[in-house]
Structures are given as C-alpha cells and as structure tokens.
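J.: Below, each chain spelled out in residue letters.
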Amino acid sequence: MTDYLEIKSIVKSFDGKINAVDGVDLSIAKGEFITLLGPSGSGKTTTLLMVAGFEHPTSGTIELTGRDLTKIPPYKRNVGMVFQNYALFPHMTVEKNVSFPLRMRKFNRSEIETRVRRILDLVALTDHAAKYPRQLSGGQQQRVALARGLVFDPDVLLLDEPLGALDKNLREQMQVEIKRIHREIGITMVYVTHDQTEAMTMSDRIAVFNKGKIEQIDVPLKVYREPTTRFVGEFVGDSNLFDGLVKGGAVDVTGIGAIRPPRADPKLEGRAVDVLVRPEWLRIVAPNDRVADGELTFEIVVDDTINYGDSILLFGKAQQRSVRVRAITSHAGIFARGAKVRVAIDPANVFLIAR
Amino acid sequence: MLMVRPQIVAWALLAPATIYLVVLFVAPLVQVLFLSFTDPKLSANHFIRVFSAPLYLRTLGVTFQAAFTVTAACLVLAYPLAYVMARSKGRLGIILLAIVGISFWTSFLVRTYSWLVIFGNRGPIAALYEAMGWGEMPQLLFTSFASTLGMTHLMLPYMVMALYAVMSRIEDNYVRAAHSLGAPPFAAFRTVYFPLSLPGVINGSLLVFAIVMGFYVTPQLLGSPQSRMISQLVAEQVNELLAWGFASALAVVLLAATAIVITIYNRVAGLDRLWGD
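These protein sequences, in sequence, are chains A and B. Taking my numbering, the leading residue of the first sequence gets 584, the next gets one more, and so forth. Taking my numbering, the leading residue of the second sequence gets 210, the next gets one more, and so forth.
Isolated chain A (complex conformation) (with noise of 0.2 Å):
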C-alpha cells in the first residue's frame, strides 16, 4: 500500500490544555475509503478540519502525495469537503453550486459545461440542474454536495458525517450511492462518523476514535471481531464482555468457566482479560441438541427480549453477570421472563482483549 495522504502525529489543542486530537497517525492509500469512527467529542471531526485545513494542528505534519499540507491554506490544498448540513449556497441554483469550484479555478466556459453535465449525470441530478437548493429534497441536496465536492477532482473527498440529517431509508440509499461513487470515480474519500453500522457497511478502513486518539485502524469486519480494546468492543457492534482469566492456553470466564480459544495470544497467558463475545456468536441449546466438543455451555435467566422480526434479542442473566443473546428466530415466546435457556459458546467465537 501507498501512502498517499499521510496524517503525522497530529496533535490539537484548543485551549492549550486539553488535546483534543492526541497525537494520531493515520496513512491513507491512494482510492482507499477510510472511516473515521467515535463518539462526539473523539478527535474524528477535528482531525477531518485539519486535513481541509480549517484548524491547524498544534504540532504534527499532514502530508499529501508527499506535499506538507499543514502551511496550505484550505482554498489551495484541493481536497474537497462534504458538510454536514451540505453547506450549499442558498443564493445559487444547483448548476451554479456545482460549477462554483470550476469558476474559482477560471476553468473555461466549455469545460465548466463538460464537467457539469458529466457530474450531475453521475448523481441523477440532470433535471434539477437549474432549481435551487431549497427546491430539492434532503438526499437531493446531499448529491448536489457530493458532486459539488467531486467535480473539480480534488485529491480526496472528506465527508463530515454527511448523512446524518437523513432519515433511516434515505440514509441507506445513499450509503450505497457513496458506495457507488467512490467505485466509479475510486476517488480517496475520509468519512466521519459516529454511526458504527454505516462504518461497517462502507468502508475499506475503519479508524477508530476515542478521547483524542485513534484505538485500533483495521477493516471492518476485524475491527468487530477483533477489537484490540474495549473500547472498541463496546462502541462497534453490540456486545457481552466477560471477566477472564488466562490460564495455560485456556481462559477461565468469570462465574461461566473454562473454554480454549484457538487463535489466543501467547502473550496474554496468566494475565486478566476482557472476554468479548458478540451477542450473535452465541448459540441457543435446544433441549436434544447436541454441544460440540470444546463448547462451552451455561444456563441464562431471561429477562426479557426484543424481537426484531428477523431474529430476536434476548436479555438475561447468568450468575448475576448480564448475558446478550441474539437468535435469529422470531418465537419470542419460547424465552418468556423466569424461562431458563441453555447457550453455547463455540472457542472460535471467543476473542481476548488484553486489559
């Protein structure tokens, strides 16, 4: 991999003592889309100005294709910027808003037209060239922004939580659609976001945020089976994190017992850990079902359940110690409060984070 946007222990205080962003390094390939992922207050959003260039780093270089960006100021770094309310100019219609960055770069007349009709065909925006942006509906407007951001070829597209003032089903729509666009054009895009489905679902990359600085960057589907903290674990996905402990090879699950997990780290061996099972991982026993070898079985109390229609989520208790299950069943009925359900753990399902 390449680095193409490289961010260089980037440190960012506001008030001189709290450090907002906390000294973060992250290496962007070239084409990659990379999710910046926290709670609000994490550094994520911050770090995305200072790569637009809207606050400027206490200490730390940002690089692109090799260039120092840190002394650049925004409207020379040619990076382009999706806001979060879209920030479309109100006064211009949706042809103008999207040929703005064009005419600032005194592109001529014909090449503006060129670009124009290209881009607002490749959001399905070509009707709506000469409304303005009050005209258009919320995902309507969000396309305007995304090509606006897109049409002068900036060499990454940043997007700051864009899609959060959608509602749930446009919200989908259009995670698909930026899915889409970045495979079209396979421009870098660094997306902000504190919602871990739309990180999971979109990225190449998941960076994960907390209190200034970045936990664990990896790909999705790693990020949630194998967080590195438990941060991790607890913010991305839903989740039981037991009490363990490492004893030769095996982890001694507090108040649940014993099971060996295949891939565990020689290192943490005698030492106290985070057991992370996801709820899913879970298997619920039937009464004649049969329990692998290696498996690990206990009883749980229900307490109650959520039936998503798809699968349930049942909530109880073993040994006073709060047990997720998810079953992807829809008779809620069988796990009535009181009712006592046998579940198993298989050892692949089990991950260890080190305390």
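Among these hints, one or two may not hold up.
To give an idea of the chain B side of the interface with chain A (calculated C-beta under 7 Å), a few residues [what the hints assert, rightly or not]:
| hint | residue |
| --- | --- |
| 1 | 379 |
| 2 | 382 |
| 3 | 383 |
| 4 | 401 |
Anything over 12 Å on all C-beta distances counts as not near chain B; from chain A, calculated [what the hints assert, rightly or not]:
| hint | residue |
| --- | --- |
| 5 | 601 |
| 6 | 632 |
| 7 | 857 |
The hints are simulated quantities; they were obtained by calculation from the structure and are not laboratory data. Model, not experiment: these values are computed from the prediction. Quick reminder that beta carbons are idealized off the backbone N, C-alpha and C, glycines included.
Following the hints, complete the assembly by docking chain B onto the known chain A.
T.: Just chain B now, kept in the frame of chain A:
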C-alpha cells in the same frame, strides 16, 4: 376548554392593535390627505405650488440627498462592524454588541445635543485647534455636514442591527465550503458571504432611508438654515404660519416620495429576485 371558533380568537387578538392603528395612524393620515386638498378650499393648488416653486423642489432635493448620503455612509460604516460582530466568536462580539446597543437605546435628542457640544465654540474640536495653534476652527455647527454626520451617527445602530440580524445567521460552513472549493478569502466574501448578507443590506437601507427622509430634530439643531429638510418645512408651515393645508400637502409629498423610492429599491433589489422564488 371554551368552544370558540378560531377565527373569532384571531380577530379578538388582532383587534387592539388594529383599533390603535386605525384611530391613531390611519385616521390622521387620511385627515392630512384630506386637508392637503381642502384647506382652505378644495383645490390641488398646494401640490402645484410644491412642484412649481424652486424653494420646495430644492428642499425635496436636499431631503433626498441627505437620505441617500446618510444611508450610504451608514452602510459603509456599519458593514465591517456588523461583520466583525457576527463573525467573532469570543468576547469582542459581545462587547461590540453592547456598545451598539447602548447607543441604540440612548435618545436621539441626547445624542444630537452631544454633537452641539462637540462642534460648539468651547467644545473639544475648538480646544484642539487652540492647543495646536491652528487658528480659528472652521464653522461646523449649523452646516449640512454637521446635520449629515449627526444623522449618520443616530442611524448607525439601526443599520448595524439590521445587518447583524442577518449576518449572525450566516453559517460559518458556507464560507468554509467556499474555501474548500477553491475560493480565496476575498472571492469567498464576494461570491458567498456578501450575497447572503444582502437581505440585511436591503432591510437596513430601507429602514435608514425611510427614517432619514422624515428627520426633523437633528437637521433642525445641527443643520444649516439654508438647506433645510422637508420635515422642517412642514413644521414651519404648521407652527409659524398655521398653514395646515400646505403643510399637509408637503407631508403627503414626503410620504409619496419615500414610498416611491422604497418601491423602486425593492423592485431592483427585491429578495424574491435574488434568491429564486
């Protein structure tokens, strides 16, 4: 809950203001219009006189000129101030807002009198001339310069407030978006910020223009007796000559002239034209 039809409630709520305006504003206005054609006898003579005598046309011209000058001066002075107020995040914006607010709430008369002191024979400017040995200070009081300056000072907070109201609602992200799209600071201002602030420019200009057209106190106290504004003429006709009919005609002309200018301005710079439908 009482079952009352919504329309009745609406009318009941509108009634006090409506009655107040009809009795104390519309009725007197109609009376002025009536007087301008009937006092002392039914004719259009007053209007013919206004438009045929050079004195009155000149007064009308002076009034228009003062209104244009003050509006333009206010705009030039207020725009940067309102811009800083709206865009500064910290204490500066609040301090400036407070200063403008205090000025806004201080009476016209007090502020006009303060100019009398400043420009007076024993005021600070006279003292400066004396201290520096520049000799006799130029005549400042009772000139159109003093009157224009005074009116600009009085109207400045109105313009600032009108601009600030609009500018404070222009999101930073618009300007940021312009930068990210390749617009250097001045281009971003010219193509994005300024057009978005235009509603404030229009509101402020209309407000200041309309008020200055009818200004009385300041030109009376600070201005030159040779170039009076139309409201001074109206007052003179009423107070000294008891010529109610002619005074009314002048007032009607003032009202009509103001209305015409505002209409034209709105046509040219109307918001509907600026921002699409």
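J.: Take the hints in turn and mark each one as holding or not.
T.: Against the structure, the hints:
The closest approach between the C-beta of residue 379(B) and any C-beta of chain A is roughly 10 Å, which is over the 7 Å cut-off, so the hint fails. Annotation: interface hint on residue 382(B) holds; nearest CB of chain A at approximately 4 Å, less than 7 Å. Evaluation of the residue 383(B) hint against chain A yields a held restraint, the C-beta minimum of about 5 Å falling below 7 Å. The beta carbon of residue 401(B) is positioned within 7 Å of a beta carbon in chain A (closest approach about 6 Å), and the interface hint is therefore held.
No Cβ of chain B approaches the Cβ of residue 601(A) within 12 Å, the least distance being about 18 Å, so the stated non-interface status holds. For residue 632(A), the non-interface assignment is contradicted: its Cβ lies about 9 Å from the closest Cβ of chain B, within the 12 Å cut-off. Every CB of chain B lies more than 12 Å from the CB of residue 857(A), the least distance being 40 Å, so the non-interface label holds.
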